[in-house]
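Chemist: So the sequences go chain by chain: Z, V and W. For the first sequence, the residue numbers in the working numbering are 1 to 266. For the second sequence, the residue numbers in the working numbering are 1 to 432. For the third sequence, the residue numbers in the working numbering are 1 to 297.
A portion of the hints provided could be inaccurate.
[What the hints assert, rightly or not] Dumping the calculated DSS-like pairs for lysine-lysine here, alpha-carbon to alpha-carbon at most 25 Å:
(1) K313/V with K323/V
(2) K161/V with K410/V
(3) K254/Z with K99/W
(4) K410/V with K69/W
(5) K182/V with K69/W
[Unchecked claim] Label-pair distances were calculated between CB atoms; the ranges are:
(6) T27/Z with I139/W: 33 to 41 Å
(7) L243/Z with H68/W: 56 to 64 Å
(8) G197/W with L173/Z: 18 to 26 Å
(9) V288/W with Q98/V: 28 to 36 Å
Hints in this document: simulated from the structure, not taken from any laboratory. Computed from a prediction, not measured in an experiment: that's the story for all the values here. The C-beta atom is built at its ideal place from N, Cα and C for all residues, glycine as well.
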Amino acid sequence: MIHILLILLVAVIAFPVIYALITSTLTFQQAYSYPPRLIPGNQLWTNITQAWERVNFGRLFFNSTVISVVVSFVKIVLALLAAFAYTHFRFRGRSILFPMTMVTQMLPLPVRILPTYHLMASFHWINSYYALMFPFFASTTGILLFRQFFMTVPRDLSDAARVDGTTPMRYFLQILVPISKTNIAALFVIEFIFIWSQYLWPLIVTTTANMRVVQIGLKMLLASEQIAPEWNVIMAGTIIAMLPPLVVLIVFRKSFAEGIAMQSEK
Amino acid sequence: MKRVLVVALLAVLALSSFAFAEKTQITWWHAMSGSRLDVVNAIVDQFNATHPDIELTAMFTGSYAETLTKFIASYKTGTAPNLVQVYEVGTQAMLGSQAIIPVYQVPGMLGETWDWAKYIIPIKNYYSKDGNLWSMPFNSSTAMLYYNKDLFAQAGLDPNKPPTTWKEVEEYGQKLRDSGVKNVLSFGWPGWIFEQMHTTHNQLFANNDNGRSQLATEVLFNGDFGTMVLENWTRLAKEGIFLYGGPEYSANTAFKSGQLAILLQSTSSLAGIEKGSQFAVGTSFLPRFEGYPMGDSVIGGGSLWVRKGQSTKELKAVWEFLKYLGNTDVAIQWHKGTGYFPTVNSAVKALLDEGWFSKDQNFLTAFLQILSGRRDTAAVKGVRLGPFVEIREIERSAIEKAVSGVLTPKQALDEAAQKADQLLKDYAELNS
Amino acid sequence: MQEDRFPGHRFLPYLLILPSAAIIIIFLIVPFIQSVQESFFTTNPFGTKTIFVGLRNYMRLFASSDYHKSIVTTLIFSGFVIMIGLSMSLAIAHLLNQKIRGRGFYQIALIWTYALSPAVAGTIWALMFAPATGIVPYIVAKLFGGYVLNWMTNGKLALLVVSAAATWKMLGYNIVFFLAGLQNVPGELLEAARVDGATGWRTFWKITFPMLSPTTTFLLFVNMLYSFFQVFGLIDIMTRGGPGDATNILVYKLYRDGFIHMNSGSASAQSFLIFIVISVAAVIQLRVATRKAVYSR
Numbered sequence: 001m002i003h004i005l006l007i008l009l010v011a012v013i014a015f016p017v018i019y020a021l022i023t024s025t026l027t028f029q030q031a032y033s034y035p036p037r038l039i040p041g042n043q044l045w046t047n048i049t050q051a052w053e054r055v056n057f058g059r060l061f062f063n064s065t066v067i068s069v070v071v072s073f074v075k076i077v078l079a080l081l082a083a084f085a086y087t088h089f090r091f092r093g094r095s096i097l098f099p100m101t102m103v104t105q106m107l108p109l110p111v112r113i114l115p116t117y118h119l120m121a122s123f124h125w126i127n128s129y130y131a132l133m134f135p136f137f138a139s140t141t142g143i144l145l146f147r148q149f150f151m152t153v154p155r156d157l158s159d160a161a162r163v164d165g166t167t168p169m170r171y172f173l174q175i176l177v178p179i180s181k182t183n184i185a186a187l188f189v190i191e192f193i194f195i196w197s198q199y200l201w202p203l204i205v206t207t208t209a210n211m212r213v214v215q216i217g218l219k220m221l222l223a224s225e226q227i228a229p230e231w232n233v234i235m236a237g238t239i240i241a242m243l244p245p246l247v248v249l250i251v252f253r254k255s256f257a258e259g260i261a262m263q264s265e266k
Numbered sequence: 001m002k003r004v005l006v007v008a009l010l011a012v013l014a015l016s017s018f019a020f021a022e023k024t025q026i027t028w029w030h031a032m033s034g035s036r037l038d039v040v041n042a043i044v045d046q047f048n049a050t051h052p053d054i055e056l057t058a059m060f061t062g063s064y065a066e067t068l069t070k071f072i073a074s075y076k077t078g079t080a081p082n083l084v085q086v087y088e089v090g091t092q093a094m095l096g097s098q099a100i101i102p103v104y105q106v107p108g109m110l111g112e113t114w115d116w117a118k119y120i121i122p123i124k125n126y127y128s129k130d131g132n133l134w135s136m137p138f139n140s141s142t143a144m145l146y147y148n149k150d151l152f153a154q155a156g157l158d159p160n161k162p163p164t165t166w167k168e169v170e171e172y173g174q175k176l177r178d179s180g181v182k183n184v185l186s187f188g189w190p191g192w193i194f195e196q197m198h199t200t201h202n203q204l205f206a207n208n209d210n211g212r213s214q215l216a217t218e219v220l221f222n223g224d225f226g227t228m229v230l231e232n233w234t235r236l237a238k239e240g241i242f243l244y245g246g247p248e249y250s251a252n253t254a255f256k257s258g259q260l261a262i263l264l265q266s267t268s269s270l271a272g273i274e275k276g277s278q279f280a281v282g283t284s285f286l287p288r289f290e291g292y293p294m295g296d297s298v299i300g301g302g303s304l305w306v307r308k309g310q311s312t313k314e315l316k317a318v319w320e321f322l323k324y325l326g327n328t329d330v331a332i333q334w335h336k337g338t339g340y341f342p343t344v345n346s347a348v349k350a351l352l353d354e355g356w357f358s359k360d361q362n363f364l365t366a367f368l369q370i371l372s373g374r375r376d377t378a379a380v381k382g383v384r385l386g387p388f389v390e391i392r393e394i395e396r397s398a399i400e401k402a403v404s405g406v407l408t409p410k411q412a413l414d415e416a417a418q419k420a421d422q423l424l425k426d427y428a429e430l431n432s
Numbered sequence: 001m002q003e004d005r006f007p008g009h010r011f012l013p014y015l016l017i018l019p020s021a022a023i024i025i026i027f028l029i030v031p032f033i034q035s036v037q038e039s040f041f042t043t044n045p046f047g048t049k050t051i052f053v054g055l056r057n058y059m060r061l062f063a064s065s066d067y068h069k070s071i072v073t074t075l076i077f078s079g080f081v082i083m084i085g086l087s088m089s090l091a092i093a094h095l096l097n098q099k100i101r102g103r104g105f106y107q108i109a110l111i112w113t114y115a116l117s118p119a120v121a122g123t124i125w126a127l128m129f130a131p132a133t134g135i136v137p138y139i140v141a142k143l144f145g146g147y148v149l150n151w152m153t154n155g156k157l158a159l160l161v162v163s164a165a166a167t168w169k170m171l172g173y174n175i176v177f178f179l180a181g182l183q184n185v186p187g188e189l190l191e192a193a194r195v196d197g198a199t200g201w202r203t204f205w206k207i208t209f210p211m212l213s214p215t216t217t218f219l220l221f222v223n224m225l226y227s228f229f230q231v232f233g234l235i236d237i238m239t240r241g242g243p244g245d246a247t248n249i250l251v252y253k254l255y256r257d258g259f260i261h262m263n264s265g266s267a268s269a270q271s272f273l274i275f276i277v278i279s280v281a282a283v284i285q286l287r288v289a290t291r292k293a294v295y296s297r
């Protein structure tokens, strides 16, 4: 009984993407058939090549991948360092700095978009990787995640290290980081998906085609036809656009689920 | 010693001529997407091939709005392109920007002269100030009436006699509706069509000569004429004849799939509509209101603006390109590939001579629409407002409210006029 | 809790947080303050003239019916995404929490939509609802005697469609967190309730749901941020705020006013107002979370 329900849910939730996939295998005419066609065609490769060439997906994929990987990496490193500081040291200003970090959760991009844009312009970073990456290097999610985790690390571990004469940084690198692997992987999934999905910022901060990201490529694909959108080609582009984050999620799904579960524990 | 000097001199000459042989790099940002992009790229490639000392890079930078925003931002940081395409509603903003060189001054700056009379008058008028052309015409269109000949025939109407007045639209509409056509009439760009109604009947849309002699301080579209137009449309909606079709091009799909009998839309949609349509497409002029004077339909689309602060070499290169666009064959190539008007009279003549229009009468309608009206009054030369983008949206919103019955036409227009006047006031505050 | 585990290192902690703090100050806090500053001015697009106008941008917004409409639209949109999204996800997570064969498969098969970007979700739903040719209008026409479902001209419908698309995309994320939360509910408690004779429904409401409250409040906040901001791509691709203003949620209105109408003063004021809204929500969330946490002890 429960299986039937679950299978139904899986199908309903997957339906839009399945429909998109089918459409991406049709010709332009077939995509406009009425009643709408649910039988796959054989144009998948043609459509993919068309979409690829039309917006130069190769370059866009490169850009998106570079940005997503670099930003995720930097965010994780910065968050690890900051969380380490907040949980293993007592220092003046800790009680101010930490809440300040939390306040920034309430400052998503649109709340400060124009000045950040001007800032990029004044650094001459418009239309560069710098502009696409730097504003995202700060991660409150990461700091929170690692802080919570580090707080559960038994004091004995750090005490033993201290007694041994290990420096804090060695302790950090050789003990703390390795045991944080699951959380790191979970955060990587979250950040990769987040950066890959960025739309508004790349939209306003890139001007030339070679700096655009996959999401904007999708928009360009849609903008291509004023009158009759070429759904078959657009869907082919959409399918390609959704693959990398999907792959990341599937590859890291175990750590992702575990990391989140760890988060939820009291 | 002498020989060394000679060799050195030759070397210097060789190097300097190499430096001179270096290409002048110029950039052009535009908003032409889809098939228009292909035509743009073809023209740019041809230009670069025939002008080996220039390298023009054309970049598609998104929609008109995005292109303009990026231009402004880049201008402030000194990284703006040499040439930029701006939509017609951005004309006033560009005029007052102090960021451009009016195009009529460019030849003089380079020691050249140019025959400005070669450009089609209604287009030239739109982008002129005090009789001088400030931006180079490039992609201009106007609006016309498209209709589905098959549906007309089915309703017992003569498929070769489209409606010419709004009264006929109503009469034919009733017949079409009764014959089972779901929706008879719709528009693309409703705000623009509303303006077209004004200009085709020689009615001013805003004061100060439509904002052309000085900055407009109030809109006039909530006057008797505008109210009459909107009341007409509202009545047609109530009768089930007019269906509000959404902004921009959304109504095109309905027309192409045979669900709409009459469509008022940009002439640049012609090629797309005819391609793969399953019925005979007919075209005609925008319908008129009887008893009102003759005007002319108004230009839409965009034009090219030359950025201020360029080196003489760059300016010369830009000017070469602008001249190139004015070549008869290039103008024809642009028209045939995109459906926009060719910008020069010689191209129109050449097209007529080669019988282009007898192949497809519909292309002729577009031309005659713009060329057969009067061209002397401010009311027909085009509306020029600073915050035009926002005002177009305000117009559209008023039309929606009136058509859906939320407000009466007069209320909707008065509300819109109030908002528009406030915007004009703010604009004047910042731009005087 | 936060003891000094490595005493004697005076500078190291500052060094460790320096990169994060620097980024936060330069790229988040300073621009934010500037944005607030700009909200008191009006500037022409090319920046050739700036005028101090005090609170005028704010006053205009408060008086603007378009702004009111945008607020209402945002509330309806977010309300839909949050309420429908969270209830559906919770129900699905509950189903997934049973001990059944193939649970791993079902899990991944139900959370994968999280990996889709809002823009991708928007494109796909635009396809499904395409007026003349999409599959949903077709089904509706068949079921309701030829009714033409045109979301491009029907504002209410457009809002419904974008809300559904946004909710669909977030299901995966919500399910993952709810599942984790459910798995943390001690089995003994549920067992005890069952022994006591409580029905599944009662058990759920009296035991499970309260124990889920940290997860729920967290997801409420995240979904709120999502529906306020991250859905921008979805709206831009599907409707661009239209038809008319039907889907012109606050963040989109901000973009339109700032980048299309080039009214930076008003856009800055709108930024600040959104900030206030989220801050209030964040504070409420924090209060509720702490209070509930106290109760659940």
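Chemist: Could you check the hint for me, namely that L243/Z and H68/W are 56 to 64 Å apart, CB to CB?
Modeler: The hinted range 56 to 64 Å is violated for L243/Z and H68/W, with Cβ atoms some 42 Å apart.
Chemist: Run the distance test for K313/V versus K323/V: straight-line Cα separation, threshold 25 Å.
Modeler: With Cα atoms ~15 Å apart, K313/V and K323/V stay inside 25 Å; holds.
Chemist: 18 to 26 Å was suggested as the range; check whether the CB atoms of G197/W and L173/Z agree with it.
Modeler: 55 Å, violated
Chemist: That 28 to 36 Å hint for V288/W and Q98/V (C-beta), does it hold up?
Modeler: 54 Å, violated
Chemist: Does the Cβ pair T27/Z, I139/W satisfy 33 to 41 Å?
Modeler: 23 Å, violated
Chemist: CA of K161/V to CA of K410/V, is that 25 Å or under?
Modeler: Violated, at about 33 Å.
Chemist: Does the alpha-carbon distance linking K410/V and K69/W stay inside the 25 Å limit?
Modeler: 22 Å, holds
Chemist: Given the hinted pair K182/V and K69/W, is their alpha-carbon gap at most 25 Å?
Modeler: 31 Å, violated
Chemist: Given the hint that K254/Z pairs with K99/W, does the C-alpha gap stay at or below 25 Å?
Modeler: 18 Å, holds
Checked against the numbered hints listed earlier, the structure breaks hints 2, 5, 6, 7, 8, 9; every other hint is satisfied.
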